[in-house]
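Sequences listed follow chains A and B, in order.
Residue 77 in the numbering used here sits at position 77 of the first sequence, with consecutive numbering throughout.
The number in the numbering used here is simply the position in the second sequence, starting from 1, with 1000 added.
There may be inaccurate statements among the hints.
What the hints assert, rightly or not - Reference excerpt, derived from the structure (chain A facing chain B, CB under 8 Å, subset only):
id, residue
1, A41
2, A43
3, L218
4, P223
5, V228
6, K235
Hints listed in this document are in silico derivations from the structure and should not be mistaken for laboratory results.
Keep in mind the model is a prediction, meaning the values are calculated, not measured.
C-beta: ideal position from N, C-alpha, C; glycine also.
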Amino acid sequence: MATANIKDVKRRIKSVENTMQITKAMELVATSKLRSAKERAVASQPYFNTLYETMCEIQSDRGFKSIYTKKEFLKTVLVVVLAGDRGLAGGFNHNVLKLAEEKIKSLEKDGRTVKVFPIGKKAVEYFEKRKYEIYNKEYQISENLTMSRAISLSEKVISGFRNGIYDKVELVYTTFVSTLVQNAMSVTVLPIESNDLKDLDDTKDNSTSKDKVKKSALTLYEPSAEEVFDGLIPKYISGLLFCSIVDSYASEQAARRTAMESASDNASEMIDSLSLLYNRARQAQITQELNEIVAGQMGNN
Amino acid sequence: MKPFKLKIVTPEKIFFDGEAEQITIRTTEGDIGILANHIKYVCNIVAGPLKIKDSRGEREAALSEGILKVSDEGATVLASAVEWADEIDLERAERAKKKAEDILSDKSRADEFGRAEIKLKRALARLSVGQRQR
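Could you put together the complete structure from these sequences and hints?
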């Protein structure tokens, strides 16, 4: 019995070691991907900030109406959900998908029709399985989405809005707070609320943009402020989507890194306790063998 | 000529951050030139060539659509993509042009016309700038 036990324990140690190798490798891959994702997120900031500032300036200049700011009775809502392509990332996919589902449920309770625009393989699978109305499932791959793909994505979102297929766009994604903390959250993308812009501006601790807003009354817009504004919106939205995609991607990698780190820790703990078990069993076997020899010897005498 | 601050920003990087004496850029209203001490000005730009003149001479780049903003601090160009003339991948632009033209000649894909038109303009801008360079 003792020998079989030793073999079993040895086999288990081997298999845990193999698993640990995989989790270690995944941890390292996630770490390096996280670094490049963070770099991309930082590189996209200046573009987005300038766009945002310009938009606030125009908006604060004159309170005009644009098709992107209209606010009628909202019937159909498009929910854009950003998730990952793969699992093994702790609660990353689960959290964002749960939040999205809650959001959809509460919108449906208010009597709105909801269409889902899932991005990332996990999101597509999740909503397909649960038979939600899917607006578009072309974006199965959220990994390494380039700016040009983000632009075509946002063009699709905007054209549906302009054609009146839906009159509100919500985005559910995961924002990267730190390597250990990622929060699932939802934001309204369209229509743009004029109050939103200024409120956001207040919360952003950006004192310079406030000063600029006051000075901008003398700015010349060509052909007109309205047209510049309408031309700006698609860029703003694609910028927003691009930033959230990069953000969500960084969160995924961070979540995977943490998950894999604790998996590796657990594996090494398990190996420790298994080796203890193994050594004990080995010791027991040796003791038993010794006993047998000694007993045999004594019988001979 | 008096220089002014110029910044060209894309979502992927800051393409240009320095001083220029004159830039020529294509807007929805036609080509315009910006010199130092320009009044505050904001307009939409369309895909086209961008000429930047500084003390060392003139350089050309292909610009995708975006916005131009001139303030007291200088000029800022925001565009979805920019390349210097010698960085342009002519083959890729040629392919993009062909693809966009195919869509535009196919009446059953009318809902894609808007996007195809933008892509065609981008490709044409790259081709014209790139070919002039060679």
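Practice problem: Compare the structure with the hints numbered earlier in the document and write down the numbers of the violated ones, lowest to highest. | Solution: Number 1 only.
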